[in-house]
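A.B. asks: The residues making up each chain are set out below.
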Amino acid sequence: MKKLLIFVAIIAMIAVPRVYAVPVSGEAVLDKMDATMKAERKYMEEEMVLVTASGAERSRAVAVWNKNVGEEEMMLVRFLGPANVKGTGFLMKNDEMWLYLPALGKVKRIAGSAKQGSFMGSDLSYEDMEALGSAGFSATHQVKAFKETKSEGTAVYQLDLVPLDPESSYSKLEILVHQELYLPLQIIYYGRDGLAMKKLTTFEHQQVDGRWVARRLQMEDLKKGSKTVLKVNKVDFNPAVDDSVFSTRYLERGI
Amino acid sequence: MKIKVGKRWITLVISLLLPVGMGLKTTPAVAAGISGGEFSLTAEYRGEMKNSHPRPVYNLALETQQAETGVGFYIDLNFGGDLRQLQPQIEIGEAYLDFSGENHELRIGRQRRAWGAALEINPTDNLNPPNPADPFGEKEPVIMVAGDYYLSNTYTLTGVIIPFHQPAVHKILLPTGLFEADPVVDDWTNTQYAVRISGKGVYGWDYALCYLRGFEALPFIKIKKTSTGPVPERIYFREYQVVGLDLATGLGGAGLWTEAAYFFPREGDQYYTAVAGGDYKFGTGLYLVGQLVFKKDRMQNKELLLQQALELPIAAIHSLRFGSLYNTETGGFMLRPEAEISVGDDASLTLAYRYVEGDLFTEMSEGNIKGNSFNVGLSYYF
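Residue numbers (my numbering), protein chains in the order written: chain Z, 1 to 255; chain P, 1001 to 1382.
Chain Z with its partners taken away, still in its complex shape:
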């Protein structure tokens, strides 16, 4: 009996400080992750490599401008290559979207339903691009579960998020956040059927202008077997661009 009490006391001594060593809540971790990723303005040049289930690869180069101030969420995407898509532009202003195809020679409004679908044929949706680009997750998701754990030897926070928008394509997001960098190492997106749909993994974490950035992201479609690799070649958290860039006028004219 005495031995048992001593054992319990030792366990308590180990466990109790451990519990109090978690100074954060799920919401606080999410806010800090958003603070790392979010920016009022952001410019990125990326190479997007589409890998089909059979292994065929197609590459596209894109430039992405983001603006996220208050309720305003804006994104402008310009395809830099290859030649058959070069010049194609895409503008998103909150729930409105427009596409510019050079061959068509005019700006066309896109149906809002496209937001749930694939972003330019990739495994990322517009919803994913928005959250990962500049909008973050805290304004659009609620933390349902939070715990500390380890992923491949790295201490991480595990967050289970539920989208607030009932029209979201997802029922749950399971995120592993690096405890020091506050960057998502992995996100598993669950569909409305409760099954895992997609998995995002981030690599090559580097500091840019004092912020941690993932230089390579990989989104896998767990049902189709395809994946999209995003290589961030350039990132600027304070681009010198005017608000008018986020207009159909610039979509047509180019920057």
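I should point out that these hints are in silico values taken from the structure, not numbers from a laboratory.
As the structure is a computational prediction, the values presented were derived from the model and not from experiment.
Mixed in with the good hints, there may be bad ones.
In the EDC-like style, the derived pairs of lysine to aspartate or glutamate whose C-alpha atoms are separated by at most 20 angstroms in a straight line are [what the hints assert, rightly or not]: (1) K106(Z) to E1140(P); (2) K224(Z) to E1140(P); (3) K108(Z) to E1311(P); (4) K106(Z) to D1076(P); (5) K86(Z) to E1063(P); (6) K106(Z) to E1094(P); (7) K231(Z) to D1076(P); (8) K42(Z) to D243(Z); (9) K86(Z) to E1102(P); (10) K106(Z) to D1345(P).
Ranges between beta-carbon positions, derived for each pair [unchecked claim]: (11) L101(Z) to N1372(P): 20 to 30 angstroms; (12) V1195(P) to K223(Z): 45 to 55 angstroms; (13) G1285(P) to K147(Z): 34 to 44 angstroms; (14) E1120(P) to D243(Z): 30 to 40 angstroms; (15) F1374(P) to A240(Z): 44 to 54 angstroms.
So these bits of chain Z aren't anywhere near chain P, every CB distance computed over 10 angstroms [unchecked claim]: (16) G70; (17) T88; (18) I110; (19) L181; (20) E220; (21) K234.
We put the beta carbon where it would ideally sit given N, CA and C, even for glycine.
Model the placement of chain P on the given structure of chain Z, informed by the hints.
C.D. replies: Only chain P this time, still in chain Z's reference frame:
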């Protein structure tokens, strides 16, 4: 006559010099190389040419463009012909100069301008003549001076001047033979012009209002009644005015649009075309479009056309498309299945079939497609 033509060229020269007066940089952009292009090989099998070989055609389109602050130019040249012959045909596609400032853009030269919110059938788009062999395809570029003035990030005012009339066809086939239409006299007073004001993202709507004064792209037959029956009195291009409107918005995830134009010819009866349609993209990537076209054509025939299109991505990099058109008045219809297979970052293979039954339009001169065809094309972009 020469003096009159000269006056019109003076207008063009003034238009070219206008940007200088507007305080723009006019440093010429020179020594630009080939900036891009497309090389394609196509073979078309036509149903009505049963015993003939498919015509293998090649086309090399070269683009060059250069843009400096305020000034730029663009030109595309097409070298094409039958692969079995050595003499290529060379034609200029678009060739224009761009002068841009903070709130305006001026484009002068041979160019295309696409107006309208609807799919393929755009009643407000009357600046460039259609291709009678492919009324749904790309229109012909024409010489014009086109200016956009950005009133704000939302509103744009556009003005267009087209000094020379360029018809879609010069001749018309009648039961008694092939007749050439009287051309529009190359005269200062026959200069065509158009204005358009458009707004995008105005309380969730995109809209545009436009006006055009010009000449029809297709010849019109003026009929004279005689004791032996009606006979053609004159075949010519009527002067007309066009008032148009287009609107686009979104509702419940679907895109919705309407576009209409009313045509007021100087002689003869007025006519109109109105289009209403919508599109929706599913989470699977399936994209659906449906459109209704109401028309009263130049011969005062009323017709209703049903148009549909869908696109389905296959393995993210390929796509299947299917389009159809049905004329409830004539019973004519067209089916267009198409597959685009990506064979590399810069190359694609297209297989397209077109099946046509009956008349797609009530007015024959509008560009009725005849015969079925199968088209195979390989394109390389650089």
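A.B. asks: Between K106(Z) and D1076(P), is the straight-line Cα distance small enough, at 20 angstroms or below?
C.D. replies: 18 angstroms, holds
A.B. asks: Classify the label on E220(Z) as holds or violated, using whether its beta-carbon is more than 10 angstroms from each beta-carbon of chain P.
C.D. replies: Fine: 13 angstroms to the nearest Cβ keeps E220(Z) off the interface.
A.B. asks: Between K231(Z) and D1076(P), does the CA-CA distance stay at or below 20 angstroms?
C.D. replies: 33 angstroms, violated
A.B. asks: Taking 20 angstroms as the top limit, are the C-alpha atoms of K42(Z) and D243(Z) close enough?
C.D. replies: Since the Cα atoms of K42(Z) and D243(Z) sit roughly 12 angstroms apart, the hinted pair holds (cutoff 20 angstroms).
A.B. asks: Checking the smallest CB distance to chain P, is K234(Z) really beyond 10 angstroms?
C.D. replies: 21 angstroms, holds
A.B. asks: Go ahead and decide if the range 20 to 30 angstroms is satisfied by the Cβ distance of L101(Z) to N1372(P).
C.D. replies: Taking Cβ atoms as reference, L101(Z) and N1372(P) lie about 28 angstroms apart, which means the hint holds.
A.B. asks: Any Cβ of chain P at or closer than 10 angstroms to I110(Z), or is the non-interface label fine?
C.D. replies: I110(Z) not clear of chain P: closest Cβ-Cβ about 7 angstroms, inside 10 angstroms.
A.B. asks: Please work out if K106(Z) and D1345(P) have their alpha carbons no farther apart than 20 angstroms.
C.D. replies: 24 angstroms, violated
A.B. asks: Is the nearest Cβ of chain P still more than 10 angstroms from the Cβ of L181(Z)?
C.D. replies: 31 angstroms, holds
A.B. asks: Need the status of pair K86(Z), E1063(P): alpha-carbon distance at most 20 angstroms?
C.D. replies: 13 angstroms, holds
A.B. asks: Can we trust that T88(Z) is non-interface, i.e. its beta-carbon lies farther than 10 angstroms from all of chain P?
C.D. replies: Consistent with the label, T88(Z) stays out of reach of chain P, its closest Cβ about 12 angstroms off (over 10 angstroms).
A.B. asks: Is the Cα-Cα distance between K108(Z) and E1311(P) 20 angstroms or less?
C.D. replies: 17 angstroms, holds
When each numbered hint is compared with the structure, violations occur for hints 2, 7, 9, 10, 18.
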